[in-house]
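Residue numbers (the numbering used here), protein chains in the order written: chain Z, 1 to 267; chain Y, 1 to 267; chain D, 1 to 333.
Any given hint might turn out to be false.
[To be verified] Listing some non-contacts, in silico: residues in chain D with all C-beta distances to chain Y over 10 Å: (1) 45; (2) 69; (3) 74; (4) 108; (5) 113; (6) 118; (7) 122; (8) 133; (9) 189; (10) 205; (11) 265; (12) 273; (13) 276; (14) 285; (15) 302.
[What the hints assert, rightly or not] Sample of chain Y residues at the chain Z side, in silico, Cβ under 7 Å: (16) 37; (17) 39; (18) 53; (19) 56; (20) 60; (21) 205.
Just so you know, these hints were derived from the structure itself, not from any lab.
The beta-carbon is built from N, C-alpha and C at its ideal position, and this holds for glycine as well.
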Amino acid sequence: MKIKKYLTLTRAGIIESLHFRLGTLVMTAGNLLYLIVVYFLWKSIFASSETDVVNGMTFNDTIIYLVLATALFGFMEMYTVWEMGRNIQSGKIVLDLLKPMEYRRYLFWSYSGSFVTNFFFTVLPTFIVVGIVTRGAIPLGTNLLFFAVSVILGVMINYSIDFIVGTICLYTESIWGINIMKQVIVLLLSGATVPIAFFPEPLKTVVYYLPFQSIYNAPLTLLLDGDPQPETVLGIIGTQLIWCIVMTAVGKLFWKISLRQITVNGG
Amino acid sequence: MKKKGLGFYLKIYCKILAQDLKSKMSYRADFIISTIGMIFTNIAGFASFWILFRNFSSINGWGYYEILFLYGFSLVSLTPVQCFFDNNWSLRTYVYSGDFIKYCFRPINLFFYFQSEVFDIKGLGQLAFGIGTLIYSWVKLGLGFTPLMLLKMIVFLITASLVMIALQNAAAATCFWIHNSFYVLDLVTRFKDYAKYPVTIFSPVFRFIFTFVMPIAFIAYYPSLVILRPDEVPLLSWLSPLFGCLFFWLSYKFWMRGAVKYSGTGS
Amino acid sequence: MSSIISIKNVTKEFKVLNRREGLKGSIKDLFSRDYRIVRAVDNISMDIEQGEIIGYLGPNGAGKSTTIKMMTGVLEPTSGEILVDNNVPYRNRTKNAQNIGVVFGQRSQLWWALPLIESFNILKDIYQIGDAEYNNMLEMYRSLADIEPLLHKPVRQMSLGQRTLSDILAAFLHDPKIVFLDEPTIGLDVSMKAKIRGLIHALNKEKNTTVILTTHDMGDVDALCRRIVIIDSGKMLYDNDIEHLKGFFGSYRTLKIRVDGDLSKQSEAVRRELSGLPVSCNDEWISILVDEEKATVMDVLNQLRNAFTIRDMQLEEISTEEVIKKIYEEGVK
Numbered sequence: 001m002k003i004k005k006y007l008t009l010t011r012a013g014i015i016e017s018l019h020f021r022l023g024t025l026v027m028t029a030g031n032l033l034y035l036i037v038v039y040f041l042w043k044s045i046f047a048s049s050e051t052d053v054v055n056g057m058t059f060n061d062t063i064i065y066l067v068l069a070t071a072l073f074g075f076m077e078m079y080t081v082w083e084m085g086r087n088i089q090s091g092k093i094v095l096d097l098l099k100p101m102e103y104r105r106y107l108f109w110s111y112s113g114s115f116v117t118n119f120f121f122t123v124l125p126t127f128i129v130v131g132i133v134t135r136g137a138i139p140l141g142t143n144l145l146f147f148a149v150s151v152i153l154g155v156m157i158n159y160s161i162d163f164i165v166g167t168i169c170l171y172t173e174s175i176w177g178i179n180i181m182k183q184v185i186v187l188l189l190s191g192a193t194v195p196i197a198f199f200p201e202p203l204k205t206v207v208y209y210l211p212f213q214s215i216y217n218a219p220l221t222l223l224l225d226g227d228p229q230p231e232t233v234l235g236i237i238g239t240q241l242i243w244c245i246v247m248t249a250v251g252k253l254f255w256k257i258s259l260r261q262i263t264v265n266g267g
Numbered sequence: 001m002k003k004k005g006l007g008f009y010l011k012i013y014c015k016i017l018a019q020d021l022k023s024k025m026s027y028r029a030d031f032i033i034s035t036i037g038m039i040f041t042n043i044a045g046f047a048s049f050w051i052l053f054r055n056f057s058s059i060n061g062w063g064y065y066e067i068l069f070l071y072g073f074s075l076v077s078l079t080p081v082q083c084f085f086d087n088n089w090s091l092r093t094y095v096y097s098g099d100f101i102k103y104c105f106r107p108i109n110l111f112f113y114f115q116s117e118v119f120d121i122k123g124l125g126q127l128a129f130g131i132g133t134l135i136y137s138w139v140k141l142g143l144g145f146t147p148l149m150l151l152k153m154i155v156f157l158i159t160a161s162l163v164m165i166a167l168q169n170a171a172a173a174t175c176f177w178i179h180n181s182f183y184v185l186d187l188v189t190r191f192k193d194y195a196k197y198p199v200t201i202f203s204p205v206f207r208f209i210f211t212f213v214m215p216i217a218f219i220a221y222y223p224s225l226v227i228l229r230p231d232e233v234p235l236l237s238w239l240s241p242l243f244g245c246l247f248f249w250l251s252y253k254f255w256m257r258g259a260v261k262y263s264g265t266g267s
Numbered sequence: 001m002s003s004i005i006s007i008k009n010v011t012k013e014f015k016v017l018n019r020r021e022g023l024k025g026s027i028k029d030l031f032s033r034d035y036r037i038v039r040a041v042d043n044i045s046m047d048i049e050q051g052e053i054i055g056y057l058g059p060n061g062a063g064k065s066t067t068i069k070m071m072t073g074v075l076e077p078t079s080g081e082i083l084v085d086n087n088v089p090y091r092n093r094t095k096n097a098q099n100i101g102v103v104f105g106q107r108s109q110l111w112w113a114l115p116l117i118e119s120f121n122i123l124k125d126i127y128q129i130g131d132a133e134y135n136n137m138l139e140m141y142r143s144l145a146d147i148e149p150l151l152h153k154p155v156r157q158m159s160l161g162q163r164t165l166s167d168i169l170a171a172f173l174h175d176p177k178i179v180f181l182d183e184p185t186i187g188l189d190v191s192m193k194a195k196i197r198g199l200i201h202a203l204n205k206e207k208n209t210t211v212i213l214t215t216h217d218m219g220d221v222d223a224l225c226r227r228i229v230i231i232d233s234g235k236m237l238y239d240n241d242i243e244h245l246k247g248f249f250g251s252y253r254t255l256k257i258r259v260d261g262d263l264s265k266q267s268e269a270v271r272r273e274l275s276g277l278p279v280s281c282n283d284e285w286i287s288i289l290v291d292e293e294k295a296t297v298m299d300v301l302n303q304l305r306n307a308f309t310i311r312d313m314q315l316e317e318i319s320t321e322e323v324i325k326k327i328y329e330e331g332v333k
């Protein structure tokens, strides 16, 4: 079966990431600490405010949003740009290109094992903790299904963006600079640091027209909406789908063109 | 053999630095992209700040300009770690590949030799940004100016830098024991972003943790109090230079211990 | 004369983690780990005189680099005693470092982005080399190799051969008493190998520097070393002159003959005729391994001439490479 060769990569990835026992522990503990900081920060922010609801968000809404966004961030972060940049600089990329599958896919599936471990070590515990602590603030219903679909689309959009940025490394040695720019833009404009609801007006509109909010904001909106209207769901997932297709296409095309240029110039 | 004192090390460092800068100039593109990346990071940090304060007028009794002061303070105090200790980021790779052994054969301090190899020039952009922010908030707060204040400022900025350097050293040195140390380093880097908030927003337990265990409160909060709120300076602020040196010394010992342990492995 | 390096009954043990296999094993590893002790170096003793070039040989993982790490002061022996220039290397790592130079074939220790001359300049300060000594050394380098084109080239732009050459020059720069060379010719082409060997030889002659050379290339050994030390699985197998080593197996020579008729049938006949000597054959030759202590090649040849018509013959000496291979495989008898 065709999928089997991909799943082999997934399995190898799981084994590899489990081997790093302390790393996993540190990662989990680190995320917890980070969330605690976020909690206290916003608690005191809301405590300093005169009203309980700011821009339509209560403290609970904000914190759930940010906690889940952080968990999703940890889940989706694939360090693709670093990986590509390093492989390009070391020349290992040539070996990867010789593999009997498309590089884009190879890279994705090599990493996919970490999705599984990340899911069990960060995402699931976070959801359970948030669910218990907030006593059911996460509605459980069809929204979970929409959320799952939306997360998958989010992962694909995120990967496509990473892949495009990673391709830039074929042209420059400045991996650090390229990666930090990407990271900063994605984190801010996707609403992972400050929820998009708090953005001032013109900026908010602009952000909704960019692909970044489809990564974290879209799935979280679907999850936290207990009773989503079909139009809302369709609108959000539709937007994600469009971005997914557009970004994937752009990524593929850009990679193809860049690679041709590199092979012609003899890298 | 002559004694190898501070002068000896300073001379070598300056020599390496001068040569390094000379050769960096031949990679202009990398320099420009990295600097832009750095500026992006700072602008994004500033933007999330600005967005927050559009919704809330103060955090825990700290006004916009006061928080901005903390922010500028943290940026400046983070510059030395960025400029002089950036090789910590590569430590993991050297240890992994076994190349770290090459640092063990010189008749000079191992830690110094390793760190001296890289000077990261892009930290200077951050320095400029931080100083700008500091001056701006200083003026807006109407703090006034005396030479004594400047002296205090410099002493406490150095203190704060030492703390951050200590944190990074310790985080980087974990790679001698665990494989996925990247997460540790990444975590500490994420945490330093929270150094710019007053530690009073946390509950006593975490106030203790962020003061003594992961001492990010010393990066901006405690030292800034001396300038910002001269009437209510806690003892910890005055002790912070002592703590800065202590943390640095501890991290150095930890790092060296790791290095010794590393060479003890077979590879 | 007291020796520059003296190693007495040195043993080094490591704790190694047993990893379990497969997905299940990885999960188990998360919760419990078990270690085993590996003896990387096992009761080794040797003395090395100033000015010697020693070939330090052994298959991969034999314990060579562990021994070298102990001599350079990076590792502390589990038991036993090492003295390098009357210093305990582990206790005085920096002092010891002043006395030694180290080159790893694949890992440059020079500043990647800097031109060679700038690296030299920094090394001059690090090792506190006086101006006169430094200039003399550079002068000598100029006389030994064509270094001008290298001096102003950043290390990262050099070819592997140029980089190795530069690394060797850098290792000798502070006129150390001992230089450790770890596979200096690995990955180089034939002419570059010859150049590197020539340089090492000249530097050793000029400065009477002790050189400890680990390599898998017997060409290096033949060209440079008079004495070789062989270890395997941490144990010392051999420590003596290279001549003596050949003597060990040198009484053996291979006689190859070609005779009329079907070779495999004839080789059977030869075997019967010589009863006792190992005989083998391929498409062209019948090979006979002759132990000259028992019967000379001439005797064997005469004996054969009576029974067969010999069309052609060859005589082969055993090479260092084969000797080493034999030692790795069988040990010293």
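Hint by hint, here is what the structure shows:
no.	hint	verdict
1	45	21 Å, holds
2	69	7 Å, violated
3	74	4 Å, violated
4	108	8 Å, violated
5	113	4 Å, violated
6	118	5 Å, violated
7	122	6 Å, violated
8	133	14 Å, holds
9	189	24 Å, holds
10	205	24 Å, holds
11	265	53 Å, holds
12	273	53 Å, holds
13	276	46 Å, holds
14	285	44 Å, holds
15	302	55 Å, holds
16	37	4 Å, holds
17	39	9 Å, violated
18	53	10 Å, violated
19	56	5 Å, holds
20	60	4 Å, holds
21	205	10 Å, violated
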